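Undergrad: Assemble the complex: chain A is given as a structure, and chains B, S and H must be docked to it using the hints.
Here the protein sequences come in this chain order: A, B, S and H. Read in order, the letters of the first sequence are residues 61 to 426 in the working numbering. Read in order, the letters of the second sequence are residues 61 to 426 in the working numbering. Read in order, the letters of the third sequence are residues 61 to 426 in the working numbering. Read in order, the letters of the fourth sequence are residues 61 to 426 in the working numbering.
There's no promise every hint is true.
Remember, identical chains collapse to one label, so a pair may be satisfied in a single copy or spanning two.
Stated by the list, open to error - Taking lysine-lysine and the BS3-like style, the derived pairs with C-alpha atoms no more than 27 Å apart in a straight line are:
no.: 1; residue 1: Lys210; residue 2: Lys103
no.: 2; residue 1: Lys81; residue 2: Lys147
no.: 3; residue 1: Lys206; residue 2: Lys371
no.: 4; residue 1: Lys147; residue 2: Lys206
no.: 5; residue 1: Lys262; residue 2: Lys117
No wet-lab data here; the hints were simulated from the structure. Treat the numbers as computed from the prediction; the structure is a model and nothing was measured.
There are 4 protein chains.
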Amino acid sequence: MSGNFFGRIFRVYTWGESHGKAVGCVVDSPPAGLNLSEEDIQKELDRRKPGGKLASKRKEEDEVEILSGVFEGMTTGTPVSMIVFNKDAKPDAYKPIKDLIRPGHADYTYLAKFGFRDWRGGGRSSARETVARVAAGAIAKKLLSKFGIKIVGFTKEIAGIVCEPDLSDIESILKMAESNAVRCPDLEKAKLMEEKIIEVMKKGDSVGGVVEVVVRNVPPGIGEPVFDKLDARLAYAVMSVPAVKGVEIGSGFACAKITGSKHNDPVILKNGKIRFETNNAGGILGGISNGEDIIVRAAIKPTPSISIPQKTVNIKSMSETEIVVKGRHDPCIVPRAVPVIEAMVAITIVDFMMIQGLIPRTLLES
Amino acid sequence: MSGNFFGRIFRVYTWGESHGKAVGCVVDSPPAGLNLSEEDIQKELDRRKPGGKLASKRKEEDEVEILSGVFEGMTTGTPVSMIVFNKDAKPDAYKPIKDLIRPGHADYTYLAKFGFRDWRGGGRSSARETVARVAAGAIAKKLLSKFGIKIVGFTKEIAGIVCEPDLSDIESILKMAESNAVRCPDLEKAKLMEEKIIEVMKKGDSVGGVVEVVVRNVPPGIGEPVFDKLDARLAYAVMSVPAVKGVEIGSGFACAKITGSKHNDPVILKNGKIRFETNNAGGILGGISNGEDIIVRAAIKPTPSISIPQKTVNIKSMSETEIVVKGRHDPCIVPRAVPVIEAMVAITIVDFMMIQGLIPRTLLES
Amino acid sequence: MSGNFFGRIFRVYTWGESHGKAVGCVVDSPPAGLNLSEEDIQKELDRRKPGGKLASKRKEEDEVEILSGVFEGMTTGTPVSMIVFNKDAKPDAYKPIKDLIRPGHADYTYLAKFGFRDWRGGGRSSARETVARVAAGAIAKKLLSKFGIKIVGFTKEIAGIVCEPDLSDIESILKMAESNAVRCPDLEKAKLMEEKIIEVMKKGDSVGGVVEVVVRNVPPGIGEPVFDKLDARLAYAVMSVPAVKGVEIGSGFACAKITGSKHNDPVILKNGKIRFETNNAGGILGGISNGEDIIVRAAIKPTPSISIPQKTVNIKSMSETEIVVKGRHDPCIVPRAVPVIEAMVAITIVDFMMIQGLIPRTLLES
Amino acid sequence: MSGNFFGRIFRVYTWGESHGKAVGCVVDSPPAGLNLSEEDIQKELDRRKPGGKLASKRKEEDEVEILSGVFEGMTTGTPVSMIVFNKDAKPDAYKPIKDLIRPGHADYTYLAKFGFRDWRGGGRSSARETVARVAAGAIAKKLLSKFGIKIVGFTKEIAGIVCEPDLSDIESILKMAESNAVRCPDLEKAKLMEEKIIEVMKKGDSVGGVVEVVVRNVPPGIGEPVFDKLDARLAYAVMSVPAVKGVEIGSGFACAKITGSKHNDPVILKNGKIRFETNNAGGILGGISNGEDIIVRAAIKPTPSISIPQKTVNIKSMSETEIVVKGRHDPCIVPRAVPVIEAMVAITIVDFMMIQGLIPRTLLES
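The following block holds chain A by itself, in its conformation from the complex (with noise of 0.2 Å):
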């Protein structure tokens, strides 16, 4: 109940503090009979590290070692356990401003529930946690490709600037994504994203955006009636993700201007099969897979780490002040939130994917 695991028959549960020894989790529990190795982890968590000319300056290798539940090169069908140790932690960093409450963090509302709090960079409320989110989700992801299901994210807005790709090739999205500082598939916008964050952090501020995600090739039928409808735990997913304020699924709150008549997607054939001819559903009907792309966006918030000073207050003295958050923060989270949430959505499918009885207890012997 205390917050640290997700998933109800594929369970993912997280522990460490952006400060302390190690962050990990514990994958509970993959099938047995995938292969998998530390690099099949790396090459997601290199995606999330920090570097680059946009990004905190903290210097992480992010380094993962599998602990437990593979043997001879392949899953048991017993937990994963997964240890990033914390190599460039600076705790003292954050001893001047130990009795001020940074404004847009968990500072406060940490102290309230705990009756204290670990004041280097936040504990476990810092995005450093989000390591072990995407060490989880990199099994998830391999896992699905076993079954020809594909995720993607991509930077779909930063500071207004907006980019709308034409998503029918995937691949090609995933790979002009990949091949600039913010993660946008539209290269031009890309170049207007990154002015803007260079201009922004010149200014000691941050700026936020939207995270796009798109699953394809999802079986129709996972999902549940009712309260676990699959939009409902991605939304749950994907909200749980720091800084994020918003989740949107299909249309999102575009539906609001919108009539049935344009907003419901035409039932059509495809091949003998049920489909739909638009996508406004984002994939999903009642809660339940359609067939169709699943399509989920997330609204990312600017830093709150910014220079600039803010009005705050010091618990010591119980007295108001200024504050400056100096330090290695990013200015614009988005680019490095993208594989964190599309972590969460393969998290999320999976589950939903060993419910529904799509994904055995074993592979070896399908």
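TA: Only chains B, S and H this time, still in chain A's reference frame:
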């Protein structure tokens, strides 16, 4: 795992089909010692029930009966089971279209999942199941009121017409919203919304909108780290309501267009307590309540049942055809979604309050 | 968390009090496509209901009504809600002792937990709630029978009289057990047990015993490592039945007196398949089924309601006094516990079969 | 669902294989503000670790490292991750028998479940995973001690030799039990047990026994109605420990031979409080604690690894053969099971205390 319960320590189970014998729920369990009568439930059900010029013509009194968990006018701490009989079920009305997939409905996805489907008005996938949510939510709301917590929902937008009410006096918001057929607290906008709905209804079409729910007086410290963030579970709860395509907290998608220096809510002292000068956070930081109003918004799609002809497929002959969905439908479901979303928010908040230990197992000794 | 559901992917929720309006359950959810009628449920309820010379004189027909989840004679894959009205509730009979703690009952513990208690025959703590377990178990048993799995329970011991039936023909065990009032498959022992119960009953006293349940044809491979072992969850399920004080699997407590060379079941080949020559394991090794009969035993305490005067406390005056519990009680609850324990075993097995993917979400396409 | 966690609001996740890199657990989460060091954990691990004349010759220091959740010597309220590296793993010792099914072990059942198995000493099914349970239990025990609750376990029976210690002074029971190699508080019986084990060990055979755990000072009112009874979840917890074949509460199986007038514990007043004159209930009535000692017993089967030749099957050639299990095994696992069962009991009690609201989320403000 089959999707029919919600909550962790305060759990709601629902059951029933649109044109079956009854719908109902089990609330497991409110604390012992809460005064509870059928009137407490009925007044919330009455807010949701069909009728009026803008709603479905199905005649349901939605009279609730409490079957267990209340003794001598007080909850016992054991499950409260409630039932509402379906009195105006007309399954035969659906017979002519029982082999046609209704666009925008769950007909195809339930078929894909279960191998057959209850064609009587959608069966379990019908929004009629929300009767049970509202009944359960009535208990949650009553319980929260004992702890000074108020939940007020209203229509924020219909068909592009948006209201921006001043939220400082939520009693007045509630009163104004409940005074008109569209549940909009801005009476001028309410009139425009009504006119728009009538215009669309005449064409056999439908429209969507946005619901906003405000929760006042939630103490700081509820919500959990990482996955079970308060906002994450609110998104889960609200996205599980039929027709919802998007969920926002506080600034929501607008955060993508604001800089950090504007988005961060300044931390201040007010009567010696830590408070926030603005509320872009929507009352939640790092997934945990900060004491400010919790603000949730949901995008509601246009009702999929429309009498304009639509392309579809006959699953018996597996051929393309047209469908006209006649019957007793709402041209705009937004106003009736208000109490449903309030209910889901209330259930979620009670669950977190109990996990945090702020609502005890019995109210009798406190 | 309030204790009123059981199961993970196949869940049973129950509600209701002994002298309230009704008791009931929600089964969430059997796979779609199972033929199911009220008769299927009724025949199991009839095995449990009071009556006969050795049982309570409360007159309950225990007539079940299915409220949801069945359409055109088949389960839909959504929750099956069932209700049994209490027709012979006589709460007033408990008024004279409403301030006295009945020894051996939950009167004091419910009071301690909830701050007050439903004094009408124990309310929620009454064994009357097992009506709901048996109703849910009837669905589980029917479902298992589709997969060739049989569950047979019987009275193994009453008041020190023990039977040792040959389990090879379990159909015959079932037939013999159901032929007598104590549900013992050894007719000579059955007679002795009956005589003993009548003797004790005349003194106003009560006796306990042991129930054994055999599950045949469970495929090898169900159950989970570590905590959710099949035997662990069977112990959980069975110990949750009122009056159970112990649970054994296979050799049970006798294992403490045997050496390893005798206790280990030799591994052999039978028709080309791995089987075990003996069954001290009770069909479970490392928490996972091995294909042999699953053997569960439960110790049932003597009925606490006795008409012999007992020491107790009056909670109003907080003084020591005596109590004589009159009313409609069973002098030995063991025979009526048999279908209840079968039900809990069946629910547990279905849950594991679904988790292992051996029972699909729909029976229609298989 | 994969079986690797236990608990509802206080959850323990474990991972790791007998001859893999390490074993570990995540405790999610103790309340904030508990003083916690590695020494607190180590002293419990030392009670479980191999060594001594009657135990396995595997040399493991079982040195624990806390990886998260503790800051400045106190728990933070977030997950405590712990790791114990396997330093004396010798997987090659198992190579000669990797195609043979070891009788009494989980070899065949894991194979049936997952399609292949980790043959290195049982992998995940090895009792080595109980290291993680004891580490987690150490936190639970420390936490309970803050609330005055003591948990003492001891060997009640080995190979038919039974002790009946006076439980009134449990500190002395603990001291005596910890003073000898078999953990029996009756020193004469301890000697007989030791001799019996040595005798059996010389023959290459093994023996079983019974462990008893006493929990003192649990407040009345913990445990939940119906399914999540305190005794039900204790049975679940304890039966999940490797080698356990039976669980009893209070009178246990002996209740089958006693009449109600003897079995019911008379209700009395003691210092103005409701108490019970005897304790056949084992501290639990209707699934809820009554304030008396909670008494749990577990039957432990003889160690399945014996050096006497046994019938088995070679899974490669699918032919019958013989096996002699050499290696580093305990001739009697009972003494080392004591701290493991204590740990499971402690974890279960903490979970219920937190659900009842008796252990708050932070210890700092109380």
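Undergrad: Evaluate each hint against the coordinates.
TA: Consistency of the hints with the structure:
1. With identical chains, the CA atoms of Lys210 and Lys103 are at most 27 Å apart within one copy only, with a shortest distance of 16 Å there and 48 Å across copies.
2. When the C-alpha separation of Lys81 and Lys147 is checked against a cutoff of 27 Å, the pair qualifies both within a copy, at 8 Å, and between copies, at 21 Å.
3. With identical chains, the CA atoms of Lys206 and Lys371 are never at most 27 Å apart, being 51 Å at best within one copy and 35 Å at best between copies.
4. Neither within a single protomer nor between protomers do Lys147 and Lys206 lie at most 27 Å apart by alpha-carbon distance, with minima of 34 Å and 36 Å respectively.
5. With identical chains, the CA atoms of Lys262 and Lys117 are at most 27 Å apart within one copy only, with a shortest distance of 15 Å there and 60 Å across copies.
The structure shown violates the earlier hints numbered 3, 4.
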